[in-house]
Amino acid sequence: MDPDAVAKAFVEHYYSTFDTNRSTLSNLYQDSSMLTFEGQKIQGSTNIVAKLTSLPFQQCKHSITTVDCQPSGPSGGMLVFVSGNLQLAGEQHALKFSQMFHLMPTTQSSFYVLNDIFRLNYA
Amino acid sequence: MDPDALAKAFVEHYYSTFDTNRAGLANLYQESSMLTFEGQKIQGSQNIVNKLTSLPFQQCKHTITTVDCQPSGPAGGMLVLVSGNLQLSGEQHALKFSQMFHLMPTPQGSFYVYNHIFRLNYA
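As you go down the protein sequences, you meet chains A and B in turn.
Be aware that the first sequence starts at 1, since it is given in the working numbering, and climbs by one per residue.
Be aware that the second sequence starts at 1, since it is given in the working numbering, and climbs by one per residue.
One chain only, chain B, in its complex shape:
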């Protein structure tokens, strides 16, 4: 599959899961996965999903503005840089964010998130 198409498909799957069923993100991480969320470092699927499901809002919607990807080296990984808007329910203005994923292939021909870094972009 074309890498750009793959990156786009992953991003759409990730954010629709995030916006509708945050706990379902557990399938996208493994024990070795790392998340840095606004400077806080978290490791492992369970801890990562705990962090994401405990964020202080009930509902949110991600809208993606840009998706860039590149192959990351001999291990067959893929780097994805996303920018977009995050609308929290009840808030008047959307937050802007940038997010970086490093996807690694699984033996079943899929991908999991090995590295993940999230930052809000303040005005």
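Extracted from the complex, chain A is given alone in its bound form:
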């Protein structure tokens, strides 16, 4: 499958899961996975999902503006760089964000997130 198509499919799957059923993001991370969320460092699927499901909003919607990807080297990984808007329920204005994923292949021909860095982009 074309890398750009893989990246786009992953991003759509990630954010629709985030927006509808945050706890099932655990399938996309492993024990070695790392998340840096607004500067806070978290490791491992359980801790990462605990962080994401405890964020101070009930509902949210991600809208993606740009998706860029590149192969990350000999291990077959893929880097995905996303920018977009995050609308929280009840808030008047959407937040802008940038997010970087490093996807690694699984033995079942899928991908998991090894590295995840999230930053809001303030005006």
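For the record, the hints were derived by calculation from the structure and aren't laboratory data.
Warning: the hint list may mix true and false statements.
With a Cα cut of at most 30 Å, we get these calculated DSS-like pairs of lysine-lysine [to be verified]:
no., chain 1, residue 1, chain 2, residue 2
1, A, 8, B, 41
2, A, 8, A, 51
3, B, 51, A, 96
4, A, 96, B, 8
For chain A, the structure is supplied; the task is to place chain B on it using the hints.
Using the frame of chain A, we list chain B on its own:
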């Protein structure tokens, strides 16, 4: 060296080189390096430096707001996500940008940029 300190040192070196001697960036890329600049894909040190030195401004200054880094896997690489402002000389308002680097170790104990993705963050 502490990875966060390394990432910070690299970022400071990269942007001061960019802002004072763009052609000197050639030392930071190799033939295998990839840059995606506002969606345009470029490969190899020469092509990358050609792109960066041909950008339509004479002088610029990068001001860094955030730097996040994580180790990228068994090859010893490091992922760095930067956000900041880019002031072009003669322009009233600074541009906001996000940029992702994937640094790989060289045999001489240094790093080069293997992956590089740049995006402006529009309001």
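Which numbered conditions among the earlier hints are violated in the structure presented, ordered from lowest to highest?
When the structure is compared with the hints, none of them turns out to be violated.
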